[in-house]
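2 protein chains.
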Amino acid sequence: MDDGNKSTQNTSINLSRPIRCIVKLGGAAITCKNELETINEGNLKEVSAQLRESMIMESSSGKVLGMDWSKRTGETDNSFAFDCFDDQQSLDSSPFIVVHGAGSFGHFQASKSSVHKGGLAQPLVKAGFVATRISVTKLNLEIVRALAKEGIPSIGMSPFSCGWSTSNRNIASTDLSVVAKAIDSGFVPVMHGDAVLDNILGCTILSGDVIIRHLAEHLKPEYVVFLTDVLGVYDRPPLEPNAVLLKEIAVREDGNWSVVKPTLENMNKQVETSVAAHDTTGGMQTKISEAAMIAKLGIDVYIVKAGTSHSLRAMSGELRDYIPDDWLGTVIRFLR
Amino acid sequence: MDDGNKSTQNTSINLSRPIRCIVKLGGAAITCKNELETINEGNLKEVSAQLRESMIMESSSGKVLGMDWSKRTGETDNSFAFDCFDDQQSLDSSPFIVVHGAGSFGHFQASKSSVHKGGLAQPLVKAGFVATRISVTKLNLEIVRALAKEGIPSIGMSPFSCGWSTSNRNIASTDLSVVAKAIDSGFVPVMHGDAVLDNILGCTILSGDVIIRHLAEHLKPEYVVFLTDVLGVYDRPPLEPNAVLLKEIAVREDGNWSVVKPTLENMNKQVETSVAAHDTTGGMQTKISEAAMIAKLGIDVYIVKAGTSHSLRAMSGELRDYIPDDWLGTVIRFLR
Numbered sequence: 000m001d002d003g004n005k006s007t008q009n010t011s012i013n014l015s016r017p018i019r020c021i022v023k024l025g026g027a028a029i030t031c032k033n034e035l036e037t038i039n040e041g042n043l044k045e046v047s048a049q050l051r052e053s054m055i056m057e058s059s060s061g062k063v064l065g066m067d068w069s070k071r072t073g074e075t076d077n078s079f080a081f082d083c084f085d086d087q088q089s090l091d092s093s094p095f096i097v098v099h100g101a102g103s104f105g106h107f108q109a110s111k112s113s114v115h116k117g118g119l120a121q122p123l124v125k126a127g128f129v130a131t132r133i134s135v136t137k138l139n140l141e142i143v144r145a146l147a148k149e150g151i152p153s154i155g156m157s158p159f160s161c162g163w164s165t166s167n168r169n170i171a172s173t174d175l176s177v178v179a180k181a182i183d184s185g186f187v188p189v190m191h192g193d194a195v196l197d198n199i200l201g202c203t204i205l206s207g208d209v210i211i212r213h214l215a216e217h218l219k220p221e222y223v224v225f226l227t228d229v230l231g232v233y234d235r236p237p238l239e240p241n242a243v244l245l246k247e248i249a250v251r252e253d254g255n256w257s258v259v260k261p262t263l264e265n266m267n268k269q270v271e272t273s274v275a276a277h278d279t280t281g282g283m284q285t286k287i288s289e290a291a292m293i294a295k296l297g298i299d300v301y302i303v304k305a306g307t308s309h310s311l312r313a314m315s316g317e318l319r320d321y322i323p324d325d326w327l328g329t330v331i332r333f334l335r
Numbered sequence: 000m001d002d003g004n005k006s007t008q009n010t011s012i013n014l015s016r017p018i019r020c021i022v023k024l025g026g027a028a029i030t031c032k033n034e035l036e037t038i039n040e041g042n043l044k045e046v047s048a049q050l051r052e053s054m055i056m057e058s059s060s061g062k063v064l065g066m067d068w069s070k071r072t073g074e075t076d077n078s079f080a081f082d083c084f085d086d087q088q089s090l091d092s093s094p095f096i097v098v099h100g101a102g103s104f105g106h107f108q109a110s111k112s113s114v115h116k117g118g119l120a121q122p123l124v125k126a127g128f129v130a131t132r133i134s135v136t137k138l139n140l141e142i143v144r145a146l147a148k149e150g151i152p153s154i155g156m157s158p159f160s161c162g163w164s165t166s167n168r169n170i171a172s173t174d175l176s177v178v179a180k181a182i183d184s185g186f187v188p189v190m191h192g193d194a195v196l197d198n199i200l201g202c203t204i205l206s207g208d209v210i211i212r213h214l215a216e217h218l219k220p221e222y223v224v225f226l227t228d229v230l231g232v233y234d235r236p237p238l239e240p241n242a243v244l245l246k247e248i249a250v251r252e253d254g255n256w257s258v259v260k261p262t263l264e265n266m267n268k269q270v271e272t273s274v275a276a277h278d279t280t281g282g283m284q285t286k287i288s289e290a291a292m293i294a295k296l297g298i299d300v301y302i303v304k305a306g307t308s309h310s311l312r313a314m315s316g317e318l319r320d321y322i323p324d325d326w327l328g329t330v331i332r333f334l335r
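In order, the protein sequence lines correspond to chains U and W.
Following numbering that gives the first Met the number 0, the numbering of the first sequence begins with 0 at its first residue and continues without gaps.
Following numbering that gives the first Met the number 0, the numbering of the second sequence begins with 0 at its first residue and continues without gaps.
Incorrect hints may appear among the rest.
Just so you know, same-sequence chains aren't split out, so a pair can sit in one copy or run between any two.
[To be verified] In silico lysine to aspartate or glutamate, EDC-like type, Cα no more than 16 Å apart, as pairs:
id	residue 1	residue 2
1	70	221
2	137	40
3	70	141
4	295	324
Hints are computed from structural coordinates only; laboratory data are not their basis.
A quick note: this is a predicted structure, and the numbers were derived from the prediction, not measured.
One chain only, chain U, in its complex shape:
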């Protein structure tokens, strides 16, 4: 796949510190996929806490310094412990970028109006574009708030507003300088799959996975973690009996990939996967392809279940040198 980013304007990417990790919060992991616009609160809270642990140096007092000072529906106590901030020498966190999928946000609106097919002149598509952006930015705000509550200096950044656009669904234009500046100022950009303008189709849907690949290509993180709702990539739909977790996949120069671990006889290289019917941006097959393209850049990719000890180990960078046998997940690596 050629993302046609020859015209991409990335003139001013000057990061003072390299990005440590780009984390994808999969829609399936943080929302209840079959309930319209419903967040999986428990998972999101756990994921946020793990992200904090992975990226923030311990505060001197050990307290979490919440950065969401907004009212919450149903909450009466809106007092904040501003005094705590005086204890802190700094709130340094290592550079992370968070990208999230849509899950039960956005997909309904997008598929009802076929936004991904383009055609902004049609009233239904135009309305669907507006409705999709409302839904995904609603989710983005909730995720930014959940992270901020855990003391992560999160900043919502919509690809549409950041000037991302496509040409026949391939990324045509992005201005990564805004993302880079936010990172250099010590913030954690929180991006998301979005409805964007397409200079051939009029509009389309830009998936979180494609965003991650583009960010990885241009910002060169040390590693990338995909948080999902299953342990990793399996050789067939994970709920089927005898489904085998693929622990290590090697990607070759030509882009082809093969399973390195476990070494099973007769294992079908063509991994069967499950794709939910309402997932307009593709399922596990797309994820492996995107992950393989990132791995080809020499960046290790971990696909792992959100909110487990395995995801914490992947996000904290513990697996970079050595992957212990008791770690459950899929690592995708470039075979040099």
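Given the coordinates of chain U, work out where chain W should sit on it, guided by the hints.
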């Protein structure tokens, strides 16, 4: 005031149609200013309906085609009349930009942490920056939804995400091409006062009024309307006895301004105004100065009470040639 925008990157502003109007939804008009993060629902609904009437050609069926298909707290009915869209030949609206203030959103967070003074290295300022952006984007989402519900193809665009930054509080960098592309695709950008990065101070607050002046300067709308919570500009705080509504203010080449109508003897040129103590971005005095700088560009500015027949007349463009005596509001014009 020099906004120092010599370094502003506005290389690709190619609007296919000129902007008709930039509308400022004043924080005082659309929120309950003394209640933390509370929207004035009635006012916002009325303002949204008037905006629709001002910018959208009547739909063939006369029906409002809602573009907010998201769940609302407390609402059980989330059915949408998708069929209606088939009736429509087009949803053309004349080019408008909406900019809103913060009112009871953002000000609390910003003033508690002095974000406007900068100093991102201080944990409280950094946290306040995050908290302020959460609060103002929360309001932005609600306003985008209110407009979309009225059939306005509204798109939330945060200045921070769009790459707006300042240098010692003056606008240093903006990329208006994203705004222009959204307008050319038939959308109504909804921007807002925001916390932004400042290359001298670290960060600051960029007010909605400064955003409007910048947009007016570069996108040259036919006219600008400020919706507020009083009838217009008075010669003293509006609640004082004998306060006189200034119906017409003329701005001269040198930037000085004078009251043309009414012609009162002994009227103090120095208009007294009320500035709410928690309004970190200035009150009516700032508004007049900003409005005068817009008027100097040859663009008429109307300051008018939101949700009245007077605001509808101003937004619809009815007053451009002739202002009838029964119109209540303040027009600020360049005296050639």
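(message) Hints numbered earlier in the text: which of these fail when held up against the supplied structure?
(response) 1, 4
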